[in-house]
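8 is the number that my numbering gives to position 8 of the sequence shown; each next residue is one higher, with no gaps.
These are computed hints drawn from the structure, not numbers from a lab. Predicted, not measured: the structure shown is a model, and the values here were computed from it. No residue lacks a Cβ here, since even glycine has one placed at the ideal position from N, Cα and C. Check the hints yourself; a few may be wrong.
Below are the SDA-like pairs computed for lysine to any residue, each with C-alpha atoms no more than 20 Å apart in a straight line [what the hints assert, rightly or not]:
1) Lys48 with Tyr63
2) Lys62 with Lys48
3) Lys6 with Asn43
4) Lys6 with Val95
5) Lys47 with Pro80
6) Lys7 with Tyr52
7) Lys47 with Gln65
Label pairs and their calculated CB-CB ranges [said to hold, decoys possible]:
8) His79 with Asn12: 18 to 24 Å
9) Asn44 with Asn11: 30 to 36 Å
10) Leu86 with Tyr52: 16 to 22 Å
11) Gln10 with Thr81: 24 to 30 Å
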Amino acid sequence: MGELIKKFQQNNIDVILVGFLQQNPSWDLEFENSTMAYNASINNLAKKYNCYFADIYKEFSKYNQVKINQDLCGDFIHHPTSFGHLLYYKTIIPVFLEKEINDGFVFSLVN
Numbered sequence: 001m002g003e004l005i006k007k008f009q010q011n012n013i014d015v016i017l018v019g020f021l022q023q024n025p026s027w028d029l030e031f032e033n034s035t036m037a038y039n040a041s042i043n044n045l046a047k048k049y050n051c052y053f054a055d056i057y058k059e060f061s062k063y064n065q066v067k068i069n070q071d072l073c074g075d076f077i078h079h080p081t082s083f084g085h086l087l088y089y090k091t092i093i094p095v096f097l098e099k100e101i102n103d104g105f106v107f108s109l110v111n
């Protein structure tokens, strides 16, 4: 993945890396340590290549697991509801509000 990030950056393409939420631990295919390791790896790549890392795990972790399973994930496993998507948005949008985009234009909510 590092080579792909470098290739994008060499072509002046901004890279945003997005983490993953803790899925329902009752699901037989969920392994919390794997989710945490995945997010740590993605975060390390972001640091190494100076990319923005959207820490979805951290944002969803502000809620208890029952709330995540019942209200934030529409399938009780990992597909976000409308509110869950809002948490993704809240976590990803700062890069568009703070970082300069390739063409020099900066998105801003302030007039």
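Evaluated hints:
1. Lys48 with Tyr63: Violated, at about 29 Å.
2. Lys62 with Lys48: With Cα atoms ~27 Å apart, Lys62 and Lys48 exceed 20 Å; violated.
3. Lys6 with Asn43: holds (15 Å)
4. Lys6 with Val95: holds (19 Å)
5. Lys47 with Pro80: Given that 20 Å is the threshold and the Cα spacing comes to 27 Å, the pair is violated.
6. Lys7 with Tyr52: With Cα atoms ~16 Å apart, Lys7 and Tyr52 stay inside 20 Å; holds.
7. Lys47 with Gln65: violated (28 Å)
8. His79 with Asn12: 18 to 24 Å: 33 Å Cβ-Cβ, so the 18 to 24 Å window is violated.
9. Asn44 with Asn11: 30 to 36 Å: violated (23 Å)
10. Leu86 with Tyr52: 16 to 22 Å: Since Leu86 and Tyr52 have Cβ atoms about 19 Å apart, the given range 16 to 22 Å holds.
11. Gln10 with Thr81: 24 to 30 Å: Given range 24 to 30 Å: violated, Cβ gap about 38 Å.
Hints 1, 2, 5, 7, 8, 9, 11 from the earlier list are contradicted by this structure; the remaining hints agree with it.
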